[in-house]
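Asker: Chains as they are written, first to last, in the working numbering: chain A, 1 to 400; chain Y, 1 to 400.
Any given hint could turn out to be false.
One copy or two, it doesn't matter: identical chains are merged, so the pair holds either way.
[Claimed, not checked] The calculated DSBU-like cross-link candidates involving lysine-lysine, where the alpha carbons are at most 30 Å apart (straight line), are:
(1) K373 <-> K40
(2) K293 <-> K258
(3) K258 <-> K16
(4) K397 <-> K373
(5) K294 <-> K258
(6) K11 <-> K40
(7) K258 <-> K211
(8) K189 <-> K11
(9) K11 <-> K294
(10) K40 <-> K7
(11) K135 <-> K397
(12) K294 <-> K397
(13) K293 <-> K211
(14) K189 <-> K211
Just so you know, these hints were derived from the structure itself, not from any lab.
2 protein chains.
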Amino acid sequence: MDFELAKRLQKPNTTKIVLCILDGLGGLPRHETLRSELEKADVPNLDRLAARSEVGLTVPVGTGITPGSGPGHLALFGYDPYRFDIGRGVLEAVGIDFDLGPNDVAARGNFCTLDRGRNITDRRAGRVATEVSAKLVERLREIRLPGAQVFVEPVREHRFVLVLRGEGLGDEVSGTDPQVTGVPPLEAKALSPGSSMTASLVNSFIAQAEKLLSGEDQANGLMLRGFAKYPDLPQFPEIWGLRASALAVYPMYRGLAKLVGMTPLPCPGGLDEQLEVMRRRWDEFDFFFVHYKKTDAAGEDGDFERKCHAIEEFDAWLPNLLDLHPDVLMVAGDHSTPALMAAHSWHPVPFLLQSHYCREGNNEHFNEQACLKGSLGTFPAVDVMALAMAHAMRLEKYGA
Amino acid sequence: MDFELAKRLQKPNTTKIVLCILDGLGGLPRHETLRSELEKADVPNLDRLAARSEVGLTVPVGTGITPGSGPGHLALFGYDPYRFDIGRGVLEAVGIDFDLGPNDVAARGNFCTLDRGRNITDRRAGRVATEVSAKLVERLREIRLPGAQVFVEPVREHRFVLVLRGEGLGDEVSGTDPQVTGVPPLEAKALSPGSSMTASLVNSFIAQAEKLLSGEDQANGLMLRGFAKYPDLPQFPEIWGLRASALAVYPMYRGLAKLVGMTPLPCPGGLDEQLEVMRRRWDEFDFFFVHYKKTDAAGEDGDFERKCHAIEEFDAWLPNLLDLHPDVLMVAGDHSTPALMAAHSWHPVPFLLQSHYCREGNNEHFNEQACLKGSLGTFPAVDVMALAMAHAMRLEKYGA
Numbered sequence: 001m002d003f004e005l006a007k008r009l010q011k012p013n014t015t016k017i018v019l020c021i022l023d024g025l026g027g028l029p030r031h032e033t034l035r036s037e038l039e040k041a042d043v044p045n046l047d048r049l050a051a052r053s054e055v056g057l058t059v060p061v062g063t064g065i066t067p068g069s070g071p072g073h074l075a076l077f078g079y080d081p082y083r084f085d086i087g088r089g090v091l092e093a094v095g096i097d098f099d100l101g102p103n104d105v106a107a108r109g110n111f112c113t114l115d116r117g118r119n120i121t122d123r124r125a126g127r128v129a130t131e132v133s134a135k136l137v138e139r140l141r142e143i144r145l146p147g148a149q150v151f152v153e154p155v156r157e158h159r160f161v162l163v164l165r166g167e168g169l170g171d172e173v174s175g176t177d178p179q180v181t182g183v184p185p186l187e188a189k190a191l192s193p194g195s196s197m198t199a200s201l202v203n204s205f206i207a208q209a210e211k212l213l214s215g216e217d218q219a220n221g222l223m224l225r226g227f228a229k230y231p232d233l234p235q236f237p238e239i240w241g242l243r244a245s246a247l248a249v250y251p252m253y254r255g256l257a258k259l260v261g262m263t264p265l266p267c268p269g270g271l272d273e274q275l276e277v278m279r280r281r282w283d284e285f286d287f288f289f290v291h292y293k294k295t296d297a298a299g300e301d302g303d304f305e306r307k308c309h310a311i312e313e314f315d316a317w318l319p320n321l322l323d324l325h326p327d328v329l330m331v332a333g334d335h336s337t338p339a340l341m342a343a344h345s346w347h348p349v350p351f352l353l354q355s356h357y358c359r360e361g362n363n364e365h366f367n368e369q370a371c372l373k374g375s376l377g378t379f380p381a382v383d384v385m386a387l388a389m390a391h392a393m394r395l396e397k398y399g400a
Numbered sequence: 001m002d003f004e005l006a007k008r009l010q011k012p013n014t015t016k017i018v019l020c021i022l023d024g025l026g027g028l029p030r031h032e033t034l035r036s037e038l039e040k041a042d043v044p045n046l047d048r049l050a051a052r053s054e055v056g057l058t059v060p061v062g063t064g065i066t067p068g069s070g071p072g073h074l075a076l077f078g079y080d081p082y083r084f085d086i087g088r089g090v091l092e093a094v095g096i097d098f099d100l101g102p103n104d105v106a107a108r109g110n111f112c113t114l115d116r117g118r119n120i121t122d123r124r125a126g127r128v129a130t131e132v133s134a135k136l137v138e139r140l141r142e143i144r145l146p147g148a149q150v151f152v153e154p155v156r157e158h159r160f161v162l163v164l165r166g167e168g169l170g171d172e173v174s175g176t177d178p179q180v181t182g183v184p185p186l187e188a189k190a191l192s193p194g195s196s197m198t199a200s201l202v203n204s205f206i207a208q209a210e211k212l213l214s215g216e217d218q219a220n221g222l223m224l225r226g227f228a229k230y231p232d233l234p235q236f237p238e239i240w241g242l243r244a245s246a247l248a249v250y251p252m253y254r255g256l257a258k259l260v261g262m263t264p265l266p267c268p269g270g271l272d273e274q275l276e277v278m279r280r281r282w283d284e285f286d287f288f289f290v291h292y293k294k295t296d297a298a299g300e301d302g303d304f305e306r307k308c309h310a311i312e313e314f315d316a317w318l319p320n321l322l323d324l325h326p327d328v329l330m331v332a333g334d335h336s337t338p339a340l341m342a343a344h345s346w347h348p349v350p351f352l353l354q355s356h357y358c359r360e361g362n363n364e365h366f367n368e369q370a371c372l373k374g375s376l377g378t379f380p381a382v383d384v385m386a387l388a389m390a391h392a393m394r395l396e397k398y399g400a
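Isolated chain A (complex conformation):
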């Protein structure tokens, strides 16, 4: 639904909407059994819920398109993922709870190993330990650049975030990672006139950094990519008229939620804590985004059984959530991560919506095959929020 239309049609109500995103939920059948992770997993609660829900398959971005986490979530929040784009640098920065502002350009950084000729011998600096990396990052904080503040923040192993804060810094700058070894890092280049200052600051940062790191064996160089400014996104609470919260263990998903104006409620303890926080703050919000990462992590590792277990863990927890009696409950995925592929994929994702107003009664299971036959059919993920709003009785009639 177009945001202008959403703002025009939204109406107040006291109903509660819960959107559970099981990261990488969709799967593929193993050739031996012809059963996917969801088909294999024992999910009595999801199956029972499906029987009184509407189910379908969501297309995250478009046919054949494999989404990253950004587009996958944005679509489920109602944002056209072709129109709204969040750069890698910003995702990394919000992923470590860095408080990005409108004058910031963020980039993803990697330590790497350079030989005496400045050629890259290891693009990940031997996956240098997180503690070591954190100390190197502290050293890089000594770097001073003219006209911009410099922030360097550790992430994990060889990865860090660089943020340049200053007036007039564009983000159209090419990355310095050549993607291969045996050559030197690339120079950062401005891809538009408005980004020439950023490019020159970045190159100066790299030159100073290499001096500071020159004594290191492994992490004596670095590469930067994914330059991106803080995106100016329409705000979810205004679009939909919902006081919205995000319950996520991982900072990246809290960060994503924050970019669209949701209130992140940290829940490092996982599902039980997510439930506890939700229960405690039930009256303060109309919308609750619950993020569950284990499905994707297992899928990315190519671990079919562990993904089944992750699904079963969610299923076992589900009755607690039902006890809160949300008016609209959705179980969705931002994309598929079939264990068979050990990667994100383009396959449509099982989706379930339960409310008082469902065409129910025909679903016996919650999985890829059952959702294919569901009343919602195969539909764009970007339509999910309009559906949720309708079932929450939060949309006016369109036209007289």
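Position chain Y against the provided structure of chain A, taking the given hints into account.
Answerer: Just chain Y, lined up with the frame of chain A:
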């Protein structure tokens, strides 16, 4: 998928993609048996393949729209058939292997019979024999026009192609066929200022031609329509990053493929030769478009049984193709040609895609009913290439 996005996301791989287009594949059930051509035909190989494939129905252009060969094929190649239009004249010209260039305007020509008052008595000149027609065409080659080269090429029976080659020739010219008898042919009119020269050359051509043909009994007049310039289409190999070949018996389909930048590999001998050429040149290409005409020809003739046989002939040949082990194999149709209608139709067309990454296991057949229930659902033909690219692992992830 938008072509800019396709160019951005495409990544190299060694995978092979084969797209078999069974012309006019879709059908309609006979009222007596309630079975369509595909449902009646005995297709054990297609059925077996369907069991480990994803199937669905493609909508060639749009709901209710019956496509010609041009839009039907363009859509399957990933071109929005509303945006990219190939004129009739160009299709006719490429259909006879005429080497069209950017300064050419092509038109489809028909000989007709005129009475003494110059009124049309037969719009097809009694379907004058191909040999006779070819001689008349030779006579028309004597015609000279100021500022333009004239090419006249025979097609079949009463049909021929006229090509005018010159600077500044527009193609927005009205046809001269009044579509009825008892009236004279229409005058060609420029539909835009840039086409006035073309219109005047066309009218001069017709006047000279009628003098040259005045002694003929049957073919003493002619009509021209479908004026069209060589279309400047984005090129398939660049859009998708695929070295693409076309294996087609009929020139029109080779011509269509050439217009989008595929390399036509003539195979006059039909399926066996198509396979042989494919096998021989397997390493040279990433993409193979195999065209099969017999399904459409039988459908156009209203011959239900012959269409079933044509489908069975393809089915019997299919195992040879499977022996090449393409990474992605598609069986598609450019449109439906139900024998019941003896014409192209708007009905969605059975589609099948086989790869290592299919949600498989539930299809027992390959036909209209089975495809309707398939995992791909009913979807636009223009999305086929994005799907093929995904299954060929030739697309990068979208967004971070």
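Asker: Does each hint hold? Answer for all of them.
Answerer: Verification of the supplied hints:
1. K373 <-> K40: Classified as both: same-chain Cα gap 18 Å, cross-chain 22 Å, threshold 30 Å.
2. K293 <-> K258: This pair counts as within: shortest intra-copy Cα distance 18 Å, inter-copy 48 Å.
3. K258 <-> K16: Within. Shortest intra-copy distance 20 Å satisfies the 30 Å Cα cut-off; inter-copy 43 Å does not.
4. K397 <-> K373: Classified as both: same-chain Cα gap 28 Å, cross-chain 28 Å, threshold 30 Å.
5. K294 <-> K258: within (21 Å within a copy, 49 Å between copies)
6. K11 <-> K40: For K11 and K40, neither the intra-copy (41 Å) nor the inter-copy (33 Å) Cα distance is at most 30 Å.
7. K258 <-> K211: neither (37 Å within a copy, 56 Å between copies)
8. K189 <-> K11: between (48 Å within a copy, 23 Å between copies)
9. K11 <-> K294: between (36 Å within a copy, 29 Å between copies)
10. K40 <-> K7: Answer is neither: 42 Å inside a copy and 38 Å across each miss the 30 Å cutoff.
11. K135 <-> K397: neither (58 Å within a copy, 33 Å between copies)
12. K294 <-> K397: between (39 Å within a copy, 20 Å between copies)
13. K293 <-> K211: neither (39 Å within a copy, 68 Å between copies)
14. K189 <-> K211: Cα proximity of K189 and K211: one copy only (21 Å, versus 68 Å across).
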